[in-house]
Amino acid sequence: MTAPLLEVEGLRTHFLTRAGVAKAVDGVSFVLQPGEILGLVGESGSGKSVTGFSLIGLVDPPGRIVGGSIRFAGQELVGLPAEQMRALRGRRIAMVFQDPQATLNPVLTIGTQMALALQAHDRVSDRAAAERAATMLTRVGIPDAAARLGNYPHEFSGGMRQRVAIAMALLNGPELIIADEPTTALDVSIQAQILHEMKALAAESGTALIWISHDLATVSALAHRVLVMYAGRIVESGPVGAVLRAPLHPYTRGLLDSLPAMTEPGRRLRQIPGTAPSLLALPPGCPFAPRCPRADAACTAPPPRVDHAERRALCHHPLEAAA
Amino acid sequence: MRAFWREYAENRVALAALAVVLAIVCAALAAPLLAPQDPYDLASLDLMDARRPPGFVGSSGYAHLLGTDAQGRDLLSAILYGLGISLQMGLAAGTVALTVGAVLGILAAQAGGWVETAIMRVVDLQLSFPAILLALVLVAVLGQGKTQLVIALVAAQYAYFARTAYGAASAERRKDYVEAAAATPLSTAHIVFRHVLPNVLPPLIVVGTVQVANAISLEATLSFLGLGLPPTEPSLGMLIANGFQYMMSGRTWISVYPGIALIVLIVAINLVGDQLRDQTNPRLRR
Amino acid sequence: MSDIVQASALTRRFDPRLSLGDRIAAAFGARVETRPVRAVTDVSFAIRQGETLGLVGESGCGKSTLGRMVAGILPPSAGDLRIDGEPVMRHGRKTTTRIQTVFQDPFASLNPRRRIGATISEGPIAHRLIRRAEAPAFVADWLARVGLDPAVATRFPHQFSGGQRQRVAIARALAMRPDILVCDEPVASLDVSIQAQILNLFLDLREALGLTCLFISHDLSVVRHVSHRVAIMYLGRIVEIGPAAQVYAAPRHPYTQGLLDSVPKLRLDAEDVSFQPIAGELPSPLSPPSGCAFHPRCPRATDLCRAQRPELAPHPGEVAVACHHA
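The listed protein sequences correspond, in order, to chains A, B and C. Mapping of the first sequence onto the working numbering: position 158 corresponds to residue 158, and the numbering continues sequentially without gaps. Mapping of the second sequence onto the working numbering: position 96 corresponds to residue 96, and the numbering continues sequentially without gaps. Mapping of the third sequence onto the working numbering: position 189 corresponds to residue 189, and the numbering continues sequentially without gaps.
Since the hints were derived computationally from the structure, they do not count as laboratory data. Warning: the hint list may mix true and false statements.
Residues on chain B that point at chain C, a partial pick, calculated with CB under 8 Å [stated by the list, open to error]:
1. Leu34
2. Ala35
3. Ala171
4. Lys175
5. Asp176
6. Tyr177
7. Glu179
8. Ala180
9. Thr184
10. Pro185
11. Asn199
By construction, the Cβ of each residue, glycine as well, lies at the ideal position given by its N, Cα and C atoms.
Chain A with its partners taken away, still in its complex shape:
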């Protein structure tokens, strides 16, 4: 196996709020290989987005990375000066947000913005920049790309704007793209188009992708491996098919059972009781214990790591893994 592209070890990002310390990310470790698509799944407040923002150094105060290490192609990113982080961002690591408006400047044409993004890292002539921008727009499925370089962001539909944002992310040929819920705001038919193209693009350009989503089905359609987050921790990780077929962690099981598609129509769903704990007051030991059908007295102690082939879980009482 080649050297990993990204090694995250014991990452902890905390928010120091008036009400106390919110441990949004609390001891996250994972490895990403070049060209790999990793799905990061969790519900709101699980820390999946904060993990993504931590990787590219975009955690806003009162949030702060308080511990752990992020090694990108051998280089330590935690504590890297802002100047060097900026140089890395957009060139070797790019980000796609849920709301493409966040990355697109409303008063500049798409062509100008893409040229600026290129010229920020390389000496590129205007003509060459326009050519590369048009090529990239064509690759993400925007018809008549050369003509649309002169359009402003508001002249594109929601789905097209997200494609433009993806094209901008791909522009400098990054080694890693972090996508935070990029299709959540889009209609099913547009989401399907983008997933389809994303998959093809990642395969042909060899870019590694971290796909952050609340939607297990989307992740299962796209990713090679999946990380399931709960209350700031990765509770389960492994190859997508194996994890979804027979999860080790009761939370993953509960999440799957909550999907209407997993139950016969009209029947009650097997729901997870209760709500996610406040990050300000996590229960001792396993944070999922208060909602877990398998929990007992042992769960008040920090859960051990369970290794099963390529899979891992943090649980005192993991489910049987099918062969």
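Here the structure of chain A is known, so what remains is to put chains B and C in place on it, guided by the hints.
This is chains B and C only, laid out in the frame that chain A set:
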């Protein structure tokens, strides 16, 4: 409510401003007890004491801490009573203007159509020229007196409240919870009084605090121009005007002390209003 | 089973509001754009007693506008809507309490300055279903029925999570003792595990109260789970309607087929999944395509589709489809 107060108390400046406002209100209320002299009682005035500097011991046998004015009034007493009149006028005008403005604004938002157009056109027209001008014309037409002055101040200020109420009510009306109430269905009166009004009131009260300060300064301006209250009830504006002619002759205290009192009052009310506005504006919330 | 809701040829136009300047210009003979937007055009359907009709479509297809008309919030521009033969609205005002609504966003649909007990009891008190003195016990009963602690009646909405607020919104709607419940994307803003809890609550209460429902959602799997019949909307019209099992198993309209193929399926085996995304984007409702509105994106479109709009026609079984080639 407790959380609201705690957040307010975190801003030291606003806290101090609130203390100043409360102190002024208490002092004005207790003026008959605190003031050494009743400045409205012409019999107690002695022209021999006129225009004396601060600290002068007058014919009544006590020291005039802030000096005396041209009629021989003790300035400290005059300021204490004057603050009371200013607050009284400001609060009366502010409250009436808030009520009138809220009714018109909510009516416009609720009724729509030509009622909305008519009300808001008039309001916009009025907002487009200076309040002082309208107040001047009205006082000139209506004559002097407390009631007339309040009418003039309300006429000059209700438009701000109407605009705020209209904006807030229009926004609230489009929200799902109002739609949910209409879908129950509940009567329009029920929706307006139980749902729209309680959500429109907070921004109006914030505007109200600032407008009370504006009413006070407007009243002072009118009195300074001699169009406010009759000279028998000297408000702060008139005290300043009375002292104005003696500024050049070095008897600055007659104008300066009432001026300082006026500025402190207006600035303190505005600081309280600003903090309330910041705290109730969801866009500024952390 | 008899039809309880009858909608015939419902249409809703939104006329562009002209500014004063536009109106003056128009008075002087200038050409001013006054073309109305048709959000819903000529929609007819019926819901049987005790049945849940699912309404699916992508954003801008008119499903929410249709839902708001059925809920009695928005008067139709044309057409007729009746419950057991009685009109839902008269002179632009809703006249019945038999239809109640659960809205999408539980953060917006509850008055932030009212205690939730008052929110639940105000409708029943206003319509004399209960007396004011009975309100506390009534509220406690409903809170318990939606799975909340009766003691929370004195709290304000911001003290609740999204799922709990949606429970309150459901209690508010059901406390009016409706026969029909309109649910407009009731779980769209909730997390998966909370969504399952709310869907279960919905299924339980629907059965306990014998409710008839119009369930609007963009989520095909949620609609499949709760609906007996489904209607698929595209650009303001129903393109396919029929029993959920039939429509999902054998969709007849190319749009329904495309939509079902677009949904990522949970991949449980190691095989690669292929998508069949629908090509192109939704056309603007300002200038709908000629003939069949779906023809620019349809793989089976012919000249007939470009020229003539297909009517919603019954097909074998109970399904009706608006397609020349179904």
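For each hint, the structure was consulted:
Checking Leu34(B) against chain C by beta carbon gives a least distance of about 41 Å; that is not within 8 Å, so the hint is violated. Of the supplied interface hints, the one on Ala35(B) is violated, with its beta-carbon coming no nearer than about 43 Å to a beta-carbon of chain C, more than 8 Å. Look at Ala171(B): its Cβ only gets to about 12 Å from chain C, farther than 8 Å, so that hint breaks. Using the Cβ-Cβ criterion of 8 Å, the hint placing Lys175(B) at the interface with chain C is satisfied: the shortest such distance is roughly 6 Å.
Hint on Asp176(B) holds. Least Cβ distance to chain C is approximately 4 Å, under the 8 Å limit. For the restraint placing Tyr177(B) at the interface with chain C, the shortest Cβ-Cβ distance is roughly 4 Å, inside the 8 Å limit, so the hint holds. Hint status for Glu179(B): holds, given a least beta-carbon distance of 6 Å to chain C, under 8 Å. Against a cut-off of 8 Å between C-beta atoms, the interface hint on Ala180(B) holds, since the closest Cβ of chain C lies about 5 Å away.
For Thr184(B), the suggested interface contact is upheld, since its CB lies about 4 Å from the closest CB of chain C, less than 8 Å. Interface restraint check for Pro185(B): the shortest CB-CB distance to chain C comes to about 4 Å, inside 8 Å, so the restraint holds. A hinted interface residue such as Asn199(B) counts as satisfied when its beta carbon comes closer than 8 Å to some beta carbon of chain C; here the least separation is about 6 Å, so the hint holds.
Figure legend: structure checked against the earlier numbered hints; hints not met, in rising order: 1, 2, 3.
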